[in-house]
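Position chains C, R and P relative to chain Y; hints supplied.
There are 4 protein chains.
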Amino acid sequence: MIIILGSQATDAQIDDVIHRIESLGLQAHLSRGTYRTVIGVIGDEQKIAAAPFEAIPGVAQVVPVLPSFKLASSEAHPLPSIIRVGDAKFGGGHLGMIAGPCAVESAEQMDAIGRAVAEAGANVLRGGAFKPRTSPYAFQGLAEEGLKILEDTGKRHGMPVVTEVLDPRHVEMIDRYADMFQIGARNMQNFVLLTEVGRTQKPVLLKRGMSATLKDLLMSAEYILSQGNPNVILCERGVKGFDTETRNLFDVAAVPTLKTMSHLPVIVDPSHATGRPDIIPSCALAGVAAGADGVHIEVHHAPAEALSDGPQALLPLQYAALAKQLRELSNLMQQNPS
Amino acid sequence: MIIILGSQATDAQIDDVIHRIESLGLQAHLSRGTYRTVIGVIGDEQKIAAAPFEAIPGVAQVVPVLPSFKLASSEAHPLPSIIRVGDAKFGGGHLGMIAGPCAVESAEQMDAIGRAVAEAGANVLRGGAFKPRTSPYAFQGLAEEGLKILEDTGKRHGMPVVTEVLDPRHVEMIDRYADMFQIGARNMQNFVLLTEVGRTQKPVLLKRGMSATLKDLLMSAEYILSQGNPNVILCERGVKGFDTETRNLFDVAAVPTLKTMSHLPVIVDPSHATGRPDIIPSCALAGVAAGADGVHIEVHHAPAEALSDGPQALLPLQYAALAKQLRELSNLMQQNPS
Amino acid sequence: MIIILGSQATDAQIDDVIHRIESLGLQAHLSRGTYRTVIGVIGDEQKIAAAPFEAIPGVAQVVPVLPSFKLASSEAHPLPSIIRVGDAKFGGGHLGMIAGPCAVESAEQMDAIGRAVAEAGANVLRGGAFKPRTSPYAFQGLAEEGLKILEDTGKRHGMPVVTEVLDPRHVEMIDRYADMFQIGARNMQNFVLLTEVGRTQKPVLLKRGMSATLKDLLMSAEYILSQGNPNVILCERGVKGFDTETRNLFDVAAVPTLKTMSHLPVIVDPSHATGRPDIIPSCALAGVAAGADGVHIEVHHAPAEALSDGPQALLPLQYAALAKQLRELSNLMQQNPS
Amino acid sequence: MIIILGSQATDAQIDDVIHRIESLGLQAHLSRGTYRTVIGVIGDEQKIAAAPFEAIPGVAQVVPVLPSFKLASSEAHPLPSIIRVGDAKFGGGHLGMIAGPCAVESAEQMDAIGRAVAEAGANVLRGGAFKPRTSPYAFQGLAEEGLKILEDTGKRHGMPVVTEVLDPRHVEMIDRYADMFQIGARNMQNFVLLTEVGRTQKPVLLKRGMSATLKDLLMSAEYILSQGNPNVILCERGVKGFDTETRNLFDVAAVPTLKTMSHLPVIVDPSHATGRPDIIPSCALAGVAAGADGVHIEVHHAPAEALSDGPQALLPLQYAALAKQLRELSNLMQQNPS
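Residue numbers (numbering that gives the first Met the number 0), protein chains in the order written: chain Y, 0 to 337; chain C, 0 to 337; chain R, 0 to 337; chain P, 0 to 337.
Take these hints with a grain of salt, some might be off.
Heads up, the list lumps identical chains together, so a pair's fine if it works in one copy or across two of them.
To be verified - In silico lysine to any residue, SDA-like type, Cα no more than 20 Å apart, as pairs:
no.: 1; residue 1: Lys201; residue 2: Arg168
no.: 2; residue 1: Lys323; residue 2: Gln333
no.: 3; residue 1: Lys88; residue 2: Ser6
no.: 4; residue 1: Lys69; residue 2: Gly5
no.: 5; residue 1: Lys147; residue 2: Ala11
no.: 6; residue 1: Lys214; residue 2: Arg275
no.: 7; residue 1: Lys154; residue 2: Ala119
Rather than coming from a laboratory, the hints here were simulated on the basis of the structure.
If we strip away everything but chain Y, and leave its shape as in the complex, we get:
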């Protein structure tokens, strides 16, 4: 950590800062410049991360030099992690293909979609039983009945399943039915929920919040990791943008950037990132070309009848065509790692 003092900082203020650093058991290294005085802090930066140095009179700027996400960082763990979800793998050259409807609506709906995506090559089935709907008047999901249908459909078609958890009181129940928890974008900083899923050993699909920086996302992953659960998969699903042509702004550069910062696998969700079936395939391909370890796609056999988010789903035939392209692209990428 580097502490920069303003041009009008007094000697007493400088001494005060040095005294505080030393009282934390760290060393201070002073450089007086023409315009500014700079104090370098040497020692365990974690000790002072929470100390409010910015509030000390005379301090102009505090520059951290180490990431605060120790367990998630590449410095701690230089090789990429491979996370297993049932038989599917994410990371280290393996491409996870998550597909399924926004919400579980009925056993028939799930069977039709589950069969289609399994045939197309998906290796994880998704479906929501508890839905975080913006409106209190919209369909909220089938709850435990939906979890049962999801589990059954996954077993019938040979796929592990992932479903969203909204309530810390549901973690235990969902743990019994699902192979992976999903933490949605709106709950990325629901630290209570992160802590609860961190107490299990089940993989967690952690979606980036709509205004979360990559550091924020990794700090949320750190909550889960610090509870003892090492199985976190990060997901870029679009950030808030200013252009209404797409639902969100798909930040494809997050994929390679996260890989410079962390060992955790990173996937993309072009369905939520764009909300437009006509451009979802192009954005899915872009994600894999950028190095994503998996692709999350919403598929529905009858979007115009869907109880939730129908307009953004691909049809099974569209998904099958895309899945074929994604595999070919993934093969090309493996031959020429960038």
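Frame of chain Y, contents of chains C, R and P only:
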């Protein structure tokens, strides 16, 4: 609701849309234009809000004409609501003055700050007992012990108290100690939590999420209202911005805009919006000049010792000077309502 | 265009709106709903695009149904355009490879870089002679001397050249030396400059502004097209984002979205979009996977000596490796058009 | 400037950085930490601002400590500047009141509006003769004829006039008619134009670009100042936001923040910031409460007939009511400077 069909929509597609509208018990009103066909939907728009018309082949755009937040809207309730928190009032010309530290740290700290803000004219005391910290390694709050200290301090200095609720399992406990729940920006779309506080009758201070539109904020208020709790106070606390000079981007226009959309009181929180004590007073004044029904300010007697968010707190003396200016400004605004 | 009137619009206000529509030689089609009255406008929408219907008392919302960018739109010109720059082609399956340094610094520097990128397979050489620097104290470019060096280098290595134009008074001079004008992001809405390059027949590389919507970008293209110059290539180069990990936020979804709106070729510039050489290759690949018709990359043989934007340049060897990957990816994309 | 080297920086890399610093005539001050090595640069930071230290192998981060806008900075000029435009003053407690229509349409229109705003207390008249319209098909302004009408109207009603300059070739012409140049948001980084107005001595109203940071704005001011023209007034007019309820996002905190960075006067333009007459008065009051040195408001006597931006104009009566409130608020602010 108005449904716009693309230039290449077929007659069969148009008939399909009309058929769906009529099957919901509504009337369709067709206009064929040179380039586009438009179908107006007449009847209860809530019935079709959840129907995925965008996913029907041929449909280019769906334009809602009524707000989906029925209970929060000005159309439902044209006069401004006045919400009482203990003896304090928010709305209808009353200015709520919420002040206190970010986190409850000790009885001594709370007593010193509580006394100072009460003398300065604050009428609600704040203090966090459960803290939503970005880092799992940072101070997480004193929990129930903190709630007790907060309640005691409020009673001693004659102020009702507000504290943040993070976990739906804590709603009952916090309800016993506090006079108002705070839902933080990161939980604005934690629908589980909104539902739980909606089941009480206690006032809720609902902070706007960092990438939430005003409609999103009002839909979250609707969750609380629809459970039977009418006591919601909205709070603008800064949205995500691109300039790092301030922590967030203080959207002061949200105040008058929300008042055109809703009857609920609106307050501002310049402490979180800016993160800079040197500009907090100016932004607090701006909020009241824009019509805010209250001001939420973090105050700490020793910011450089604070366990959380010290750098953004005002000193008690700074708060007292600001509170005086705010009252004078509020008086001027009452004389000349815009 | 659809005009929606508020619930309290009077009969006189409705009549006034209808009268204004008819006085423009258009037809009005009235639907009275339970809560809202809607007036559809039938006829040439361009006639009323500029009329301020929002300012008429009683009007709540105006919804345009046709794009205002007539010449740039896919509706006007359904097949993709192919634009030629010297022997290079952009669009319709052809991949333009623009490469070179940020600024022309000397004949030696240009020769070294030009030779390297030509060998790697670039087909257009870039280099700035007039630089739009944020600071008035930074290197501003070699001006006409730089144009001469650029032209010479292009000829020597068999590549057409592109360079940025900043000043309408320089259009004629640059037209003598360069094969394509570049309009930079900061000048995307410099309508004076757009008009001047629109009066030539030379291709224009039009970069998206940092806060420009795709409609804004296409309206700027329309300025050029409406002057009689049909040769416009659009370029996504990152929009303003909130995360400082990358210089800008690379909006890769802009590529397929623009292609649903317009016939013009679209390229990507991951150098400016990210400002980080370590992720530029991944983002370039993402762009081509998303359907881009070309890639613009800054290359410098000695980034640490560069007079402008050195830190974001690839080394010649890095560019050669990327160019090979881009060609293979482009071949794969041609086999499986999405 | 502080240069931070990565944990894997070699001794040779460290020596290289030190050598480059010393070769610029500056001193390097080395601190080796546990995880990072930090080099402080002592001497004239301007000398190395343009040197691409980020591109040197081993360098992880470069932290500037001095602003690059020397002439605009508070460090160079601690007291606030007062800028005169005719008899009006901006800054140092004086409130500039700029009002008038978006575009000059006719002598009659200007006379009606000019008379009304003068009576209401405006002290500068605005009106556009060259309009930067998003669409090439929209009204582009009356050009020199418009300048003549503007000048005449200002003289008749005793107000200096301000008008936008779009083209560097028009600077001389506009200089003959107007008392202040306006540089619009879309041209904030049109460095050619900034340089040309910097060569005059006439005041310049410099509007903040839609995605410009405050540093970007001050760097643009620096372009004008560095040419010898010290008369720059900064204007906050809304940045790009994600909520479509308002046209832009009014960043009221920019006012006090700019005042901590610069001595130049700062005004607000709530007309462009919001685009909504129903909230313009509240936002104007917020701007003055935040410390603005002036307010820019669009006024039109018949918004529904306006040739440009009618929907955002206030009526003369609305402006008169607002102007009275602004003066009262400004008086209150002078009594209690924050």
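Hint by hint, here is what the structure shows:
1. Lys201 with Arg168: within (16 Å within a copy, 23 Å between copies)
2. Lys323 with Gln333: Classified as both: same-chain Cα gap 16 Å, cross-chain 14 Å, threshold 20 Å.
3. Lys88 with Ser6: For lysine 88 and serine 6, the Cα distance exceeds 20 Å both inside one copy (54 Å) and across copies (32 Å).
4. Lys69 with Gly5: between (30 Å within a copy, 16 Å between copies)
5. Lys147 with Ala11: Neither way: lysine 147 and alanine 11 sit 67 Å apart in one copy and 39 Å across, limit 20 Å.
6. Lys214 with Arg275: between (28 Å within a copy, 17 Å between copies)
7. Lys154 with Ala119: Cα proximity of lysine 154 and alanine 119: one copy only (17 Å, versus 51 Å across).
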